[in-house]
Amino acid sequence: MAGPWRSTVSRVMGAMKTQTTQPKSFSRGMQTVTLIPGDGIGPEISTAVMKIFEAAKAPIQWEEKNVTAIKGPGGKWIIPPEAKESMDKNKIGLKGPLKTPIAAGHPSMNLLLRKTFDLYANVRPCMSIEGYKTPYTDVDLVTIRENTEGEYSGIEHTIVDGVVQSIKLITEDASRKIAEYAFEYAKNNQRASVTAVHKANIMRMSDGLFLRKCRQVAENYRDIKFTEMYLDTVCLNMVQDPTQFDVLVMPNLYGDILSDLCAGLIGGLGVTPSGNIGANNVAIFESVHGTAPDIAGLDLANPTALLLSAVMMLRHMGMHDYSKKIETACFNTIRDKKVLTGDLGGKSKCSEFTAEICQRVRDMD
Amino acid sequence: RDIVLLWPPPAKYGGRHTVTLIPGDGIGPELLNHVRELFRFSCVPVDFEVVNVCSSTEDDINNAITAIRRNGVALKGNIETLHTLPASHKSRNNLLRTSLDLYANVMHCKSLPGVQTRHNNIDIMIIRENTEGEYSSLEHESVTGVVECLKIITRTNSLRIAEYAFKLAREKGRKRVTAVHKANIMKLGDGLFLQCCREVAAGYPDIAFDAMIVDNTTMQLVSKPQQFDVMVMPNLYGNVVSNVCAGLVGGPGLVPGANYGHDYAVFETATRNTGKSIADRNIANPTAMLLASCMMLDHLKLYDYATMIRNAVLTTMNETRVRLNSPRRCSPHTFHN
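Protein sequences appear in the order of chains A and B. Under the numbering used here, the letters of the first sequence match residues 1 to 365, in that order. Under the numbering used here, the letters of the second sequence match residues 1 to 337, in that order.
Watch out, some of these pointers could steer you wrong.
[Unchecked claim] Quick look at which bits of chain B chain A covers, simulated, 3 or more residues with Cβ under 8 angstroms:
hint	segment
1	127-140
2	212-219
3	239-251
[Said to hold, decoys possible] Under 8 angstroms between C-beta atoms, here's a sample of chain B residues computed to sit facing chain A:
hint	residue
4	A87
5	R118
6	H119
7	I122
8	T154
9	L188
10	S223
By construction, these hints were calculated from the structure, which means they are not laboratory data. Where a beta carbon is used, it is the ideal one built from N, C-alpha and C, also for glycine.
Take these sequences, add in the hints, and give me the full structure.
Structure below.
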């Protein structure tokens with residue numbers, strides 16, 4: 001009696017388990033996230049973010065890992081295996097600024113992470129922060145940049161003495177992947193249009209291929225408007241009227257320049273979040289500013305960039321309530337201008353700024 | 001003004017110069033018509049040889065190039081590059097620049113008094129390498145689905161453009177030259193460019209020299225553009241930076257640009273737009289093209305006419321208190337001398 005009953009139960013349970021393959025992000029339990037504090041002001045802003053998340057009672061468990069490059073078997077530089085395992089298990093990471101020593105011998109840490117996890121898309125949402133005045137108001141756009149190839153393939157040769165060639169690589173696969181990601185992002189975040197930025201009048205074949213792929217992917221997303229614009233026209237219009245842009249998708253170099261341009265519109269790298277999406281659902285969210293060694297350890301750093309990146313992370317995981325709560329608290333603090341760090345025009349310390357945000361978050365409950 | 005030519009291009013009959021005129025596509029023809037009307041009204045001793053370039057065959061552009069070789073100076077509108085044509089069809093504008101070796105693109109962005117912008121007191125000269133870099137048009141598809149595009153940087157051209165930048169800076173009394181690059185990523189290519197700039201800078205101790213990475217440059221341009229004086233850079237970054245600066249001072253309709261080579265000079269609007277969406281509606285802003293024609297008159301050593309026309313244009317802008325994004329009727333403006 002017990003035997004067949006047990007096997008029936010296990011069959012039913014097995015079926016249920018395979019039916020409800022919910023992604024980890026929707027589980028009600030604690031979600032573990034790999035935290036890479038980074039160098040310089042990294043540790044203090046990471047602590048600030050952890051405190052704010054605690055105050056918001058967000059179901060996030062942090063697993064701190066260090067990613068100093070080490071020489072792996074075969075002589076190639078790799079990140080420590082524990083860090084890689086942790087990321088592969090958790091799939092989500094939050095990273096502070098990493099420094100690359102000049103004569104280290106190993107490539108830039110960011111490059112290493114990008115290669116290790118195949119982070120092909122860099123997403124930077126740029127939204128004007130009320131309370132932090134810049135000449136540009138009402139900026140609300142997202143730049144999605146292809147992160148693996150293009151002009152940054154690093155393939156350069158000296159053909160003859162005095163003549164150097166750099167190779168820009170555009171592949172069909174990577175262009176398709178980034179275009180698909182851009183449209184998916186637009187769909188999931190209720191954005192109305194996607195604009196492909198290119199220079200296909202000059203680079204006929206390479207940007208032409210990128211553009212063709214974008215057009216093909218656009219066919220599958222009929223409800224999202226697709227436009228294409230030359231890089232120079234985008235730059236021209238961006239500094240005159242940034243409100244006309246929504247989601248921008250582009251190859252590596254243009255993405256680098258445009259994403260920094262947009263960051264400049266809203267106030268610089270100290271307030272800009274950024275996320276890197278990789279293959280196998282890996283996503284690493286990071287602050288893109290430097291390590292600021294001159295103010296490291298002095299409790300003067302501004303954690304806004306890392307905090308907004310963490311908010312992006314929460315949204316990526318589907319935890320919209322928590323992300324809204326923390327984001328609102330942060331923006332309200334900046335808008336009220338009573339407790340601001342030095343770079344935002346105030347005189348408070350990092351810990352005071354953090355405490356103020358924590359207080360607001362608690363008050364919201 | 002004529003630091004690359006030691007003597008003006010030959011005048012044809014009785015002191016009248018002949019200049020090649022390439023109308024181009026979009027708003028080019030109507031803007032150049034305004035220039036011609038204004039020149040006729042002001043009795044400027046310049047005759048225009050009009051050469052039309054149609055986008056499809058090679059003959060037209062070769063005729064244009066021959067005409068410019070003959071006359072030495074040209075005024076042009078932008079020629080559109082149709083995407084429907086195969087990749088072997090190169091951009092006509094690019095072909096013109098490389099065939100005539102117009103290696104320096106010079107653009108002077110200055111805040112104009114009558115124009116409302118978010119930033120004031122901008123005065124930046126941008127010198128952009130015009131023939132190589134990313135615009136070498138050397139592409140191939142080695143494997144299906146993988147396209148390689150070559151960016152070429154040579155020592156000769158980098159030295160040449162750096163030399164031009166510093167000479168121009170000295171001539172105009174400028175204090176600082178900034179090289180814009182991405183040598184942290186493109187170590188060999190932009191590294192060579194930067195090295196050439198540094199070598200040339202050593203020969204001009206009275207002018208300060210510094211370097212800035214292109215993404216930081218664009219960020220600084222939208223927050224504090226007043227810190228820049230003269231900027232020199234390779235081709236693609238020049239495209240981005242010049243468009244950003246044009247946007248900062250008021251838009252594509254206000255800034256003129258010039259392409260100088262050793263023997264030839266071609267003048268056009270700085271941002272090289274075809275403006276198809278506003279063509280033939282009499283709303284395009286002719287200021288950029290008119291100021292470009294003034295630059296051309298300076299190049300031909302007809303300084304009085306240049307000053308007269310330039311003053312007329314700037315006074316008109318001041319008095320009518322131009323507000324951007326409002327359509328203005330072109331023709332009445334032209335006759336406001």
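Task: Status of the hint placing B:R118 at chain A (closest C-beta pair under 8 angstroms) - done: 4 angstroms, holds
Task: Residues of the segment 239-251 of chain B with Cβ under 8 angstroms from chain A, three needed, outcome - done: Our answer is that it holds, as 9 residues pass the Cβ test (under 8 angstroms) against chain A, meeting three.
Task: B:I122 as chain A interface residue, shortest Cβ-Cβ below 8 angstroms - done: 11 angstroms, violated
TODO: For the hint on B:H119, just tell me whether its beta-carbon gets within less than 8 angstroms of chain A.
DONE: 6 angstroms, holds
- [ ] Verify the interface restraint on B:S223: the C-beta must sit less than 8 angstroms from at least one C-beta of chain A.
- [x] 5 angstroms, holds
Open item on the list: Next item in the hint list is B:T154. Is there a CB on chain A closer than 8 angstroms to its CB?
Closed with: It holds, given that the least Cβ distance between B:T154 and chain A is near 5 angstroms, below 8 angstroms.
Task: Three-residue Cβ test at 8 angstroms for the coverage of the segment 127-140 of chain B by chain A - done: holds (count 5)
Open item on the list: Given B:L188 as an interface hint, is its Cβ closer than 8 angstroms to any Cβ of chain A?
Closed with: This interface hint holds because 4 angstroms falls under the 8 angstroms limit.
Task: Three-residue Cβ test at 8 angstroms for the coverage of the segment 212-219 of chain B by chain A - done: With 5 residues in contact (Cβ-Cβ under 8 angstroms with chain A), the coverage given for the segment 212-219 of chain B holds.
Task: Status of the hint placing B:A87 at chain A (closest C-beta pair under 8 angstroms) - done: 4 angstroms, holds
Violated hint: 7 only; the structure is consistent with all others.
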